[in-house]
Amino acid sequence: SAVISQKPSRDICQRGTSLTIQCQVDSQVTMMFWYRQQPGQSLTLIATANQGSEATYESGFVIDKFPISRPNLTFSTLTVSNMSPEDSSIYLCSVDGGGDYEQYFGPGTRLTVT
Amino acid sequence: GEDVEQSLFLSVREGDSSVINCTYTDSSSTYLYWYKQEPGAGLQLLTYIFSNMDMKQDQRLTVLLNKKDKHLSLRIADTQTGDSAIYFCAVAGNNRKLIWGLGTSLAVNP
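Protein chains in written order, with the numbering used here: chain A, 1 to 114; chain B, 1001 to 1110.
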């Protein structure tokens, strides 16, 4: 199984600012994903982070608001830009183990925008 | 679009079996997962099943898949208070993108 860490674990930010969330995996993985879990809700996929190319965004999410980097096979960042209170959420990174079909999740970043 | 549905709440007595149900709409779903989320904690992968399987057992957990009815269930035998959590059903096709249910909150009463 993959061990995933995220930084920061939580943050309180002011409206209009940006926050970059880091995701580090202890092994090389092909696919990395970023999800959002709003309070009391299920998970929504934001984008697939592709190594060496632009991320693939889901409907309703755009690169200007959620820029993503994937410089190598063990690391990715998600930036939440120009934040508003509606962006208050838990942001989760996940990885696909590839051959074993298992998907593992990081512990999440709890973001509160005031 | 694809949809995954679960009942929102389930309450059982300690020692009984729990059965959490899930239905999905996308017949091309190939990988079907159950995750557990405890309060304030991350998502823990409990088990998964491939669409060409009917059943998978792992210690106290039994997963049943009825592909014709697009119905997935998770049975927890001898449910303990430590099993109290939210259980998410998620399905994925070959693109590996997970579609999630809203989660079933399991309460285990002593």
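Calculated from the structure, these hints are not laboratory results. Among the hints, erroneous ones may be present.
For lysine-lysine, the following DSSO-like pairs were computed, each having C-alpha atoms within a straight-line distance of at most 30 Å [what the hints assert, rightly or not]:
#1 B:1036 / B:1056
#2 A:7 / B:1036
#3 B:1056 / B:1097
#4 B:1056 / B:1068
#5 B:1097 / B:1036
#6 B:1036 / B:1070
#7 B:1056 / A:7
#8 A:65 / B:1097
#9 B:1036 / B:1068
Keep in mind the model is a prediction, meaning the values are calculated, not measured.
Checking one constraint from the list: CA of residue 1036 (chain B) to CA of residue 1070 (chain B), max 30 Å. Satisfied?
holds, 21 Å
Do the alpha carbons of residue 1036 (chain B) and residue 1056 (chain B) lie within 30 Å of each other, as the hint requires?
Holds, at roughly 17 Å.
Tell me if the straight-line CA distance from residue 1036 (chain B) to residue 1068 (chain B) falls inside 30 Å.
Distance ~26 Å between residue 1036 (chain B) and residue 1068 (chain B) Cα, so the pair holds.
Distance restraint between residue 65 (chain A) and residue 1097 (chain B), which requires alpha-carbon spacing of 30 Å or less
holds, 21 Å
Given the hint that residue 7 (chain A) pairs with residue 1036 (chain B), test it: the Cα-Cα distance must not exceed 30 Å.
holds, 22 Å
Between the alpha carbons of residue 1056 (chain B) and residue 7 (chain A), is the straight-line distance 30 Å or under?
Not OK: residue 1056 (chain B) and residue 7 (chain A) at ~35 Å, beyond 30 Å, violated.
Can the restraint linking residue 1097 (chain B) and residue 1036 (chain B) be considered satisfied, given a maximum Cα separation of 30 Å?
Distance ~18 Å between residue 1097 (chain B) and residue 1036 (chain B) Cα, so the pair holds.
Mind checking the alpha carbons of residue 1056 (chain B) and residue 1068 (chain B) for me, to see if they're no more than 30 Å apart?
holds, 17 Å
Given the proposed pairing of residue 1056 (chain B) with residue 1097 (chain B), does the C-alpha separation stay at or below 30 Å?
holds, 22 Å
In this structure, only the earlier hint numbered 7 is contradicted, and the remaining ones agree with it.
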